[in-house]
Amino acid sequence: MTDDLRAPLAFTFMGILLALVGFTQSWSVSLSIINLCLISSIMAIGVNLQWGYGGLFNAGVMGFTALGGLTAVLVSYDPVYEAWDKAGIGILISAIILILSITLILFAYRNISSPQFRNTSIILIIIAAIFGINNFYGPSIDIIESINPAKTGFLGGLGLPIVFSWVIAAFVAGLVAWVIGRLTLRLRSDYLAIATLGISEIVIAIVKHEDWLSRGVKNVSGLDRPVPYEIELQQSEWFINLVERINYGTLDSVQTISSRQDLLNDLIIVSSGVFVKLCYAGLFLSVLLLIFYLSHLALNSPWGRMLRAIRDNEEAASSMGKNIFAQHLQIFIIGSAIIGIAGAMLTTLDGQFTPGSYRPLRFTFIIWLMVIVGGSGNNLGSIFGGFFVWFIWIEAEPLSIGFMNLLASGFEYDNPIRMHLLGSAAHLRLFIMGLLLLLALRFMPRGVIPERIQKK
Amino acid sequence: MENFELINALVLISNFVLIPALSYGSQLALATLSLTIIYGVLRFSNFAQADWMSFGTMTTILFTWYLQSLGITGGILPTALIALPFAIIVTALFCLLIDRSVYSFYRKKKSPPIVLMIVSVGVMFILQAIVRFIIGPNDRKFFDGEKFIIHALDFKDYFGLSEGLTIKSTQLITLIVAIIAMVSLFYFLQRTKMGKSMRAYSNNEDLALLSGINPERVVLITWVIASALITTAGVLYGLDKSFKPFTYFNLLLPMFAAAIVGGIGSPIGAVIGGYVIAFSEITLTYAYKKFFIYLLPERLEPSGLMQVLSTDYKFAISFIILVIVLIVRPTGIVRGKII
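Read top to bottom, the protein sequences are chains A and B. So the first sequence is numbered by my numbering: it starts at 651 and just counts up by one. So the second sequence is numbered by my numbering: it starts at 19 and just counts up by one.
Don't read these hints as lab results, they were simulated from the structure. Ideal placement from N, C-alpha and C gives every residue a C-beta, glycine not left out. Each hint should be verified, as a subset may be incorrect.
Said to hold, decoys possible - Selected chain B positions facing chain A (in silico; Cβ < 8 Å): (1) F22; (2) S63; (3) F123; (4) V141; (5) D330.
All chains, full assembly: derive it from the sequences and hints.
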């Protein structure tokens, strides 16, 4: 099979799988899978830029996703004025002390030449900062968290439309990536992996425990939506007419007026859900296409060629005068920013921010699997990987339950082995994912849609 | 009681900071030794390390249950210590199986370390699935035997202090087992022929091959030793606290941090790194309020908890130390490998 045919075949195959779900389960299920597939594909493109084009191992995808989600909350949620009035000052002062002390530490680190004096002054600054921040921070968060804790209990956000947060999330994630990259990209490749693993755990710890920021594990729900609500659709004239026109044939075959009305009502409820999901899918698809197009342009430019040259042979690229560190930093920031966008989109789709749901397997390693299965070094491959792996991840659960039922069918109903088998069906999913990764690495290391080698 | 203030403060600190840090540090040191040996000899950062640890511990728990069902117990010692050697054998065999079926392919191809790292992520998934499949994701306690060596109440009565000192038997066992394991490991690496060939292979593969060292044997011994270390570390940690796959998975970051802080690839560095991480984690998250109440005159007594960081940010400490070391001395405390 030539490489040219692989992409169309792969996507046709994917389309058939999704259509199968649509026919056998329901179109609503199929569409929700597609929405998450689209978001996963964007994340996979972000990781692919870092790994496939830059050769960087980012083990902290989860952290950047969560940062995106946090940004979505902070941008879209209405500000809680009471909290700002009573304790906003304290939080602001703590933030100023934090920024000031970091600047001072950096200044001391760079400009004081005597190592002993430098280290003592840094330690003194840190101690002073901890005391200063504790003085303002603790009391303020107590006040904030005590204001209407059942509903708010946090500072709220800016009250802007949530779609803005997608752009801002890119900047936030990019900023964090810049800090991490500055620290670790000069060192060995493993250090980046371990540092990103660490920062992602810290981001999760912060969003879980800083209740004043995003309510922690109490979750923020009822976020702004960029698409209409189902209930509004069900009451609007044009939507009812639209559903009527589409289902003209089915409605006409019904005899009595009352049962026709019942059928119409059912259809409207089902279609409103589908319509909302279609709106999301349209939004996400346009973001995906935009990112895909921009990265396609960038990667086929001299800049992209330079990146690939650095990836394939650092020494040679370096001797040609390319600044490897700066390029690595650039691609790392861009990749992380894209992951941040996807994180904000995910929170938008969920309509809520649930820090407890961020698990490294789901948000870091699955994304890696997408890139590797799809074909590292090819964004089209990453999109396919995003679709395919997410599909497997979703469908693995019913499949493993079915498999376990088959295994357990030989036992008595209350046999302990049978109960154990059925109870642990969910873990089979991890096994399938691991096996998929190992098989892909072993037998298809270039992925389903491999990187195109350009010959001139 | 006035004069006892200082002693009370010291007892308090030993009870809540020094002794727990010493035992956690020993557990972490053993786990990091395993990570660093894999790194030194097989040349990749093993992401499956933490789940490998839960696999080893799970095997031990299963053997412990089996022994208990036979009526064999360790008396005042935990039964898990009797089960440990069997579990190490099973874990090592399983590791060799994974090595044959997965890692050896990439080793022969001389794949770059980062590919092996990604492969280890796949192995991590599979190990995690197996552990959760067999024993489930819940908390398990498998400690039996005598729980305390010194009980807080007895200590208070005996010395007439207002602070008690508790030494759990698991803490002493951890320390003793860890010292035995470390001493025998260093003896093995420094004095025996096999250990020397392992170090030679780690130092320069081609030269080692030229001197007639059998690479397959080195790899085999490495997996066996690393399995023994990681299983021991996991069992000691589980005896001291409890066994839960997700908690074990979260030990991955402290392990990596300890390895890098000490100097990755260097066994001495791993031990130092383990203790550094453990001590900083516990000293920085302990609330010193009571300590200062004992030491300071009444009007200077602190009002807050006197805690540098809340315990929710344990990860942050490993990470901050990691970052400081990366900035100040990227080679680690003991100069490790730099590739």
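Here is how each hint holds up against the structure:
| no. | hint | verdict |
| --- | --- | --- |
| 1 | F22 | violated, 29 Å |
| 2 | S63 | holds, 4 Å |
| 3 | F123 | holds, 6 Å |
| 4 | V141 | holds, 7 Å |
| 5 | D330 | holds, 4 Å |
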